[in-house]
Amino acid sequence: MQYCLLSREAETHIQTMKNRYLVGGPITPILVSELMTLGNDDTGTGAVSIFIGRVRDDEAAGRRVTAIEYSAYEEMAGKEADEIVRTVKSAFSDVRSVIIVHSLGLVKAGEASLFIMVTSGHRDQGTRACRHTLEMIKERLPIWKKELF
Amino acid sequence: MQYCLLSREAETHIQTMKNRYLVGGPITPILVSELMTLGNDDTGTGAVSIFIGRVRDDEAAGRRVTAIEYSAYEEMAGKEADEIVRTVKSAFSDVRSVIIVHSLGLVKAGEASLFIMVTSGHRDQGTRACRHTLEMIKERLPIWKKELF
Amino acid sequence: MDISVTVLYFGAAEATTGRKEEEFLAGDTASLRRQLITRYPDLARLPFRMALNRTLLKEESVLQKSDIIAILPPFQGG
Amino acid sequence: MDISVTVLYFGAAEATTGRKEEEFLAGDTASLRRQLITRYPDLARLPFRMALNRTLLKEESVLQKSDIIAILPPFQGG
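Protein chains in written order, with the numbering used here: chain A, 1 to 149; chain B, 1001 to 1149; chain C, 2001 to 2078; chain D, 3001 to 3078.
Quick caveat, the hints were computed from the structure, so don't treat them as lab data.
Some hints here could point you the wrong way.
[To be verified] Okay, the calculated bits of chain A under chain B, using three or more residues with CB under 8 Å as the criterion:
| no. | segment |
| --- | --- |
| 1 | 69 to 80 |
| 2 | 93 to 103 |
[Said to hold, decoys possible] Heads up, incomplete: computed chain A residues facing chain B, CB under 10 Å, no partners named:
| no. | residue |
| --- | --- |
| 3 | Arg-54 |
| 4 | Glu-83 |
| 5 | Arg-86 |
| 6 | Leu-106 |
| 7 | Ala-109 |
| 8 | Met-117 |
| 9 | Glu-139 |
[What the hints assert, rightly or not] No more than 27 Å apart at the CA atoms, straight line, and that leaves these computed lysine-lysine pairs for DSSO-like:
| no. | chain 1 | residue 1 | chain 2 | residue 2 |
| --- | --- | --- | --- | --- |
| 10 | B | Lys-1079 | B | Lys-1089 |
| 11 | A | Lys-108 | C | Lys-2058 |
| 12 | A | Lys-108 | A | Lys-89 |
| 13 | C | Lys-2065 | A | Lys-146 |
All C-beta atoms in this analysis are idealised placements derived from N, C-alpha and C, irrespective of residue type, glycine included.
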């Protein structure tokens, strides 16, 4: 499992991961740093494309969002995320790895709830694959949110 | 200057920055972490798009690249990078910040030589602006490389 | 022949039905869908799709013993 | 009227000319370009563009005292 590769420093974060795709609470800067070390030893990687989704403090009907509570059909989400990774890798032959992590539970405004990292030989396929992964996540991951004010 | 916002921990890295766009040597994971904290307090940001360019150990005529030495016309590079940031911000109204850092000097295979971060309200303009920034960097920054074997 | 299946409610479907899961007797997904909308008219307005054993249902299907059906309002992740 | 300008060499242009900078006497960039290629025939094969006072030259231009011209092989950053 990918998260077994992470260092001691991130262990407390990793222990909250429900599977390799879902983490309880926000995706903290420390977890992001640790996830970014995955694939660091692959000297054939020339391009690393990352997307981080954050909770905005949007206004809705005069009230400001302070947090979002995410829930998921966890078993199906894991299966779908596996499928997304497989699809992206087969559609973009230059892609070397795809990492997806989504938050469950409470994430406050300003905190991150989604992390995508695609490593590739060159920039073109990498940036397109990262965007494609993002669109597939929105379309296929059984995750729901509830805005808190 | 943006790099004045960075924490004590990154000071040794920041001191090697020639200006806000150029850093001596590789873009280390610590520097990446620090750069990623910029804009963390902007709760209107919903999307963070990052591109990191790394040196590949490509083979050329039977020899393997072990490092790249980057050089630049520094004064012009600063001016052009300013212009790239201005252009991207005016072309993509949803973009909130654009950070560009490029290495000078020696960067070994596996190390990072380019960092781009675009924060935006939503994903669509952010991911497109990040890619556009990358293309403009390739087209407009007066930077050269020498492969070492 | 009607058999017993488990129905899981997610997102707004959980709020609409007031429960996380429930047992139903049904022979196929079309019949189950009709029972769901009869019991919870608001479900039709979410709208919702169904997953059968963790796979999104593309067309109506006969149900087997121990099948798990999930009621999925529009996804909101990312 | 020819005036003295500074020419800076970058990337492969530095390797080709064996120097980082040099003074030239020229009245405009077209004349300077001819002198450069006469002195360093290999420069034409790089190829190169020129920057006048840190701005990429779009068309030939008259030179002023203290102008700085940079010789720019194709960019390779990113």
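Hint-by-hint comparison with the structure:
no. : hint                       : result
1   : 69 to 80                   : violated (count 0)
2   : 93 to 103                  : violated (count 0)
3   : Arg-54                     : holds (6 Å)
4   : Glu-83                     : violated (21 Å)
5   : Arg-86                     : violated (22 Å)
6   : Leu-106                    : violated (15 Å)
7   : Ala-109                    : holds (5 Å)
8   : Met-117                    : holds (9 Å)
9   : Glu-139                    : violated (13 Å)
10  : Lys-1079(B) to Lys-1089(B) : holds (16 Å)
11  : Lys-108(A) to Lys-2058(C)  : violated (36 Å)
12  : Lys-108(A) to Lys-89(A)    : violated (32 Å)
13  : Lys-2065(C) to Lys-146(A)  : violated (33 Å)
Going through the hint list in order, the structure does not satisfy hints 1, 2, 4, 5, 6, 9, 11, 12, 13.
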